[in-house]
Amino acid sequence: MTTADPDSPARFRLLATFVAGRPVEVAPAPKAKAAYTTGRTIFLTPGLPVTEQRRELLVQAALLGAGSLHPRLVRPLRRRPALARRYLALEGRRALAGLAGTIPLAAELSLGTRAWTATCDESLAMARGRRSVPDPPHWFGVIRPARLLATTAGPGTRPNGAPGLGFEPPPEDDADEGEGPDRREIANQDTSPLFMPRTLMDLIRGRRGGRMAGRGPAGAGAVHAVRRARLTGTQVRPAPTRRRRAEGKPVAGASGALYPEWDVHRDRYRIDWCRVVDHPLEIEPAPATEIAFDDVLLRRLARIGQGLEVVRGRPDGDELDLDAMTDLLIDLRSGHSPHEHVYSERRKRHRDLGVLILLDASGSATDSDSEGRTVHDHQRRAAATLAHTLEELGDRVAVYAFRSHGRHTVHLPAVKTFGQRFGATQRARLDQLRPSGYTRLGAGLRAAGEILRSRAETNNRLLVLLSDGLPYEDGYEGIYAEADVGTALEELRAEGVGCLCLSLGGGADLEALQRVFGSASYATARTLAELSPRMDEIFLSCLRAASARGRDGT
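Taking our numbering as reference, the numbering of the sequence shown is continuous, increasing by one, and the terminal residue is 574.
Since the hints were made in silico from the structure, they are not lab data. Note that the coordinates shown come from a computational prediction; the quantities given were computed from them, not determined experimentally. Hints should not be assumed to be uniformly reliable.
Just the calculated beta-carbon pair ranges, DEER-fashion [what the hints assert, rightly or not]:
(1) Thr139 x Glu391: 52 to 58 Å
(2) Gly439 x Glu310: 20 to 26 Å
(3) Glu412 x Arg151: 28 to 34 Å
(4) Arg323 x Glu550: 33 to 39 Å
(5) Asp494 x Thr309: 33 to 39 Å
(6) Ser474 x Gly498: 28 to 34 Å
(7) Ala322 x Asp155: 48 to 54 Å
(8) Ala54 x Ile311: 54 to 60 Å
(9) Arg286 x Arg100: 25 to 31 Å
(10) Glu412 x Glu497: 36 to 42 Å
(11) Val284 x Pro96: 22 to 28 Å
Backbone N, C-alpha and C define an ideal beta-carbon position, used for all residues, glycine too.
Assemble the whole structure, with the sequences as input and the hints as a guide.
Dropping the structure here:
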């Protein structure tokens, strides 16, 4: 088995595929740049001796195999070359150490010491810190975030192995990362990683009927066909100009966590301004009411939130199946009749959506409609129906309430956490929840978003707010409060969290909702059932908007 040019970096494809755990092409880097990878192709510095190129390849392939170049980890490195270099030094060492037990060359290159970090997230956290990190050796190459984010992710790129929803648009390239290779210059993904004879490759391509790999993920056409939600009372607007975000993380402690608040009058954040207390909701023993089942809502929400799963050994598909190709080659050389199921395809088979339902439990929810039912009753019933429906579909669901008594006491009582079932205890908590206090909404959104990001354990996340959407507290009202809520929503969407406000019970101030939720989606109706026939469109609109903002970076 040979390549057209025995001195070409393509001779390392088998090693790269084995280390990365997925089909990977190998090519010379344009303009003699340092080694890097796009996720599908590893580019090596041309003109170096074979031993040097092999070292470069091993590091870049090890980063792919270890999940170090997942978009979630690479996105913070954009336009920050110093941070990317520190992260490469830590992750390159960790990835090589993980291979040292199986690949002798990796053991030789492990730099004689154990890895400084145990996980990708730990490496990123250390790279962001102030601890001294030695520069990586030149043969580590570089990390080019724009090239990685511009390439459609395939199997093996996510640390948890779960593909996403598949509706994220590609990001714009980084202007400060220099020019990279034109995608047409990268080797066709139909080329077998096993360096198979040309006649066999021609035979395989002929059986595929001319279908080429690399034309986009499965279902991409359906993604672009999804309409944005256009409902009475539902407005989907373009994102506003992005503000700078507060530095640092919330400081957790026994008495709660501290969050910033945006001061529109001074055009800056008030750091550690609000204290949010996250705690279980205490209840008295009592039977729980039954949940109103909504069959329309179930059917609609069943259409979204499905992650892509790779199905192997198919007669036709998106790309070649490496294991099936190996079996095919063995059969051919053994004189047996080979099978033709040598492709893999991605199908929507499992859910990959985390939803946090945030219920407004402030005193404003005590207003009643014409039938005497309070807004809180409408929102509480909607929370129960949504939580039950999403849990039936297999999504990760949490239900929290929020109310405030000053900036030092913003309560976030937990009705149902992500690790719990929506059972009798959780339903009883929801039944016994009584509205009181005020609506310091910005702090509640930031705290709920942090719970969603850290505990949902999914790649796609949605925060559903059940509220009239009007923030109010003494000293937290008018333009000041509206600007803080708008900034909190921008922060969440920049992190890839979808935001949706459902205002139920009637009497909503649409102009105020439009001012407050200018960059997020909202819908108003008397009951949840009125929105059920369009709920899939509403969810998808919010998720797609957050996906686009998250890929743009912050």
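(message) Taking 20 to 26 Å as the stated bounds, is the beta-carbon spacing between Gly439 and Glu310 within them?
(response) Holds, at about 24 Å.
(request) Starting from the range 33 to 39 Å, see whether the pair Arg323 and Glu550 falls in it by beta-carbon distance. (result) 19 Å, violated
(request) Could you see if the CB distance from Val284 to Pro96 stays within 22 to 28 Å? (result) 27 Å, holds
(request) Hint says 33 to 39 Å; check whether the CB-CB distance for Asp494 and Thr309 agrees. (result) Between Asp494 and Thr309, where Cβ atoms are some 35 Å apart, the hint holds.
(request) Just tell me: holds or violated, for the beta carbon distance of Ala322 and Asp155 against 48 to 54 Å? (result) With a Cβ separation near 51 Å, Ala322 and Asp155 satisfy 48 to 54 Å, so the hint holds.
(message) Does the beta carbon distance between Thr139 and Glu391 stay inside 52 to 58 Å, or does it fall outside?
(response) 54 Å, holds
(message) Verify the CB-CB distance for Ala54 and Ile311 against the hinted window 54 to 60 Å.
(response) 58 Å, holds
(request) Indicate whether the distance between the beta carbons of Ser474 and Gly498 respects the range 28 to 34 Å. (result) This hint holds: roughly 32 Å between Cβ atoms.
(message) Taking the Cβ atom of Arg286 and the Cβ atom of Arg100, is their distance within the range 25 to 31 Å?
(response) 27 Å, holds
(request) Could you tell me whether the CB distance from Glu412 to Arg151 stays inside 28 to 34 Å? (result) About 47 Å separates the Cβ atoms of Glu412 and Arg151, which means 28 to 34 Å is violated.
(message) Please check whether Glu412 and Glu497 have a Cβ separation lying inside 36 to 42 Å.
(response) This hint holds: roughly 40 Å between Cβ atoms.
The structure fails hints 3, 4 (numbered hints given earlier, in ascending order).
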